[in-house]
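Novice: Letter by letter, the chains look like this.
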Amino acid sequence: MSEIGQAAILLAALLIGLLLMGIQLWLLTVALELYLGGNGGQVWQLALVSGVIFLGGWAMLRLLRRRPRVRDTSTG
Amino acid sequence: MRMPGRIPVESLGTAHFPYHWDADALVARRQLLQFAVYTSGALFSVTALLAVLGLTRRPPSSPSRAIVSAKALAPGHAYYFNYPGPEDQAMLLHLPTGEFVAYSQKCTHLSCAVYYQPERARLYCPCHDGVFSPATGGPIAGPPDRPLPRINLQVRDGTIYATGVEA
Chain A
1 MSEIGQAAIL
11 LAALLIGLLL
21 MGIQLWLLTV
31 ALELYLGGNG
41 GQVWQLALVS
51 GVIFLGGWAM
61 LRLLRRRPRV
71 RDTSTG
Chain B
1001 MRMPGRIPVE
1011 SLGTAHFPYH
1021 WDADALVARR
1031 QLLQFAVYTS
1041 GALFSVTALL
1051 AVLGLTRRPP
1061 SSPSRAIVSA
1071 KALAPGHAYY
1081 FNYPGPEDQA
1091 MLLHLPTGEF
1101 VAYSQKCTHL
1111 SCAVYYQPER
1121 ARLYCPCHDG
1131 VFSPATGGPI
1141 AGPPDRPLPR
1151 INLQVRDGTI
1161 YATGVEA
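Going down the list, the sequences are from chains A and B. The opening residue of the first sequence carries number 1 in this note's numbering; numbering runs sequentially from there. The opening residue of the second sequence carries number 1001 in this note's numbering; numbering runs sequentially from there.
Okay, chain B solo, but in the shape it has when bound (with noise of 0.2 Å):
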């Protein structure tokens, strides 16, 4: 027998706090999954940026420029230099042969500087432990898969000019 003006026990929870204990859980799957579908829109707007960026970022000029001497170069040695930009490193190699090749000295994996190794007969990325051909500047070991862009090269009155880069 129920006393007038007293709420049930058995009704106290579900009076203050409808929810079951259940759904409880759902809650917090459903606000995890908004989060993780707001985490894959700002993956998607990064991915996006660097879409825009790659599509509006033109290729620098490559205007014909002096590099060295033909002479100052021993076979076996190499000459740093920047081309096409002041801040774009490259390399001109005299390679074993007699032939002179230049490349850009920006790793094709993550763009760390690649240096001739002579006694090795090898261009060397330090970062990862990439190894490129001196001969076609294609990749022979490690994380790249791309080759070294070319650069272009003109032999003109005993001087060594840059002419352009080959995509």
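Chain A on its own, in the form it takes in the complex (with noise of 0.2 Å):
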């Protein structure tokens, strides 16, 4: 895969990313407001949510975690 595609793909998967942690910072203030409003035994389904969107983004940082390449100058 050439730099400029594996650039790309590291971009979309940092946006995407972020977007899914703006959803998990939703899900805990709705958790929060919830266990506040005495209504506790519901979060475990927005923990559960916010666990799947955490590994997620766990297994595509180890998907592309790999050392930067170097420009290979020996062949011109």
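Mixed in with the good hints there might be a few duds.
Computed cross-link-like contacts, SDA-like style, restricted to lysine to any residue with a CA-CA straight-line distance of at most 20 Å [unchecked claim]: (1) B:Lys-1106 to A:Ile-23; (2) B:Lys-1106 to B:Arg-1150; (3) B:Lys-1106 to A:Gly-38.
Derived by calculation from the structure, the hints in this document are not laboratory data.
With the hints as a guide, bring the two chains together.
Specialist: So this is what it looks like as structure tokens:
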């Protein structure tokens, strides 16, 4: 894969990751509202979704975690 | 013609710093992605902590307790008391219709204290302009979308007792 293609994939992963992190933040506010409202028994569903998002991000990081490419200058 | 013992000028940069300049941006983006995943893990941890606290917290017991004499509270007035715990604020309303009702004073939006405004026939939360119905405890206006927890009442020998909190 070319460096440009690799950079595009990494940028797309980064944008999707930040979007999902925003969703996680929203889930946390909903969980806090439920907990303070005395309905803490329903928060586990939100934690489950948040956990799935985290595992997805972690898997994506593992998939993309490679050493940066070095341009081979020996072949010209 | 190259001079013996000298390094070619074109290979000086790559010899001492063998990264192409595009790779520098890649490393920065990777680090940002890594930071985002760590933050995601922190958000998940807090949500999971709330879930565990929510599952393990037991509802407080609701013993029967005398509140006030029924004659002491005129129609259109409220009596504020603590129930079921000493720090749980609640209110007893004597509606203009003659009926007694009691609710938790904790707003279901963000737990501010709710007050009875008989002149406007409403229960009002001043924090975010939440309005509840005095007759049912249900939300009428503002951000709250759940009714106030209702406290069950009994009248025995002219005294009003709180006997429990509806979920």
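Novice: Is it true that the CA of Lys-1106 of chain B sits at most 20 Å from the CA of Gly-38 of chain A?
Specialist: 10 Å, holds
Novice: Is the Cα-Cα distance between Lys-1106 of chain B and Arg-1150 of chain B 20 Å or less?
Specialist: 11 Å, holds
Novice: Is the straight-line distance between the alpha-carbon of Lys-1106 of chain B and that of Ile-23 of chain A 20 Å or less?
Specialist: Answer violated: Lys-1106 of chain B to Ile-23 of chain A is near 28 Å, above 20 Å.
Consistency note: the structure conflicts with earlier hint 1 alone.
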